[in-house]
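Chains as they are written, first to last, in the working numbering: chain A, 1 to 112; chain B, 1 to 113.
Quick caveat, the hints were computed from the structure, so don't treat them as lab data.
Honestly, I wouldn't trust all of these hints.
[Said to hold, decoys possible] No farther apart than 30 Å at their CA atoms in a straight line, the calculated lysine-lysine pairs in the DSSO-like style are these:
1. Lys-52/B x Lys-1/A
2. Lys-68/A x Lys-52/B
3. Lys-30/B x Lys-52/B
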Amino acid sequence: KQEVTQIPAALSVPEGENLVLNCSFTDSAIYNLQWFRQDPGKGLTSLLLIQSSQREQTSGRLNASLDKSSGRSTLYIAASQPGDSATYLCAVSLSNDYKLSFGAGTTVTVRA
Amino acid sequence: DAGVTQSPTHLIKTRGQQVTLRCSPISGHKSVSWYQQVLGQGPQFIFQYYEKEERGRGNFPDRFSARQFPNYSSELNVNALLLGDSALYLCASSLERERVTQYFGPGTRLTVL
Numbered sequence: 001k002q003e004v005t006q007i008p009a010a011l012s013v014p015e016g017e018n019l020v021l022n023c024s025f026t027d028s029a030i031y032n033l034q035w036f037r038q039d040p041g042k043g044l045t046s047l048l049l050i051q052s053s054q055r056e057q058t059s060g061r062l063n064a065s066l067d068k069s070s071g072r073s074t075l076y077i078a079a080s081q082p083g084d085s086a087t088y089l090c091a092v093s094l095s096n097d098y099k100l101s102f103g104a105g106t107t108v109t110v111r112a
Numbered sequence: 001d002a003g004v005t006q007s008p009t010h011l012i013k014t015r016g017q018q019v020t021l022r023c024s025p026i027s028g029h030k031s032v033s034w035y036q037q038v039l040g041q042g043p044q045f046i047f048q049y050y051e052k053e054e055r056g057r058g059n060f061p062d063r064f065s066a067r068q069f070p071n072y073s074s075e076l077n078v079n080a081l082l083l084g085d086s087a088l089y090l091c092a093s094s095l096e097r098e099r100v101t102q103y104f105g106p107g108t109r110l111t112v113l
């Protein structure tokens, strides 16, 4: 069974600081890994999708890296803004599977 | 294009009742998946439907059922509600069954009293 862990569970930083969010997974036979953002009580917004053959993906201030062999992914958010305050979830899908296995998320607060 | 839509937004039921949640996928998407998210946890997979057939089921009791219609919209039914069924129910759609980006709807907040 795929286990996905996100550390830390919560993070508070001043505006302008770079954010580093960690995700680890137990089964390295993943097909892809997806990072999501969730605002309180809302649905999930897809941020980045990394295929297993890729090492990283970038979108604007967001950069996600993937190390399959060590079972880790890191989401970097540069120059954080108060609008970045949300819960960030990572999810993996296995090569022979169809469902997403999620971590519990990291709740980020960016202080103005 | 409209994203994934879900109805209703909020729902309050009492124990033992039955509930039906609805989901409309993004136009052209054939796959619909349902997830349950309990407060403070990540979403847990319930069902996937692709081309109107059940293609996957998570570790949920038989009180949970779903179906997909010819227009690819989907319903999730939960019978004999328990307090523990209180959660945010999320629907996700994708073009294909697997290995592609899944797009999530806003969710239905179910409260069981």
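For the pair we were handed, Lys-68/A and Lys-52/B, check the Cα-Cα distance against 30 Å. Status violated; Cα separation ~34 Å.
Measure nothing beyond the straight line between the CA atoms of Lys-30/B and Lys-52/B; if it is 30 Å or shorter, mark the hint as holding. Between Lys-30/B and Lys-52/B the Cα gap is close to 8 Å, so the pair holds against 30 Å.
Taking 30 Å as the top limit, are the C-alpha atoms of Lys-52/B and Lys-1/A close enough? This hinted pair holds, its Cα atoms lying about 27 Å apart.
Violation of the numbered hints given earlier is confined to hint 2; every other hint is satisfied by the structure.
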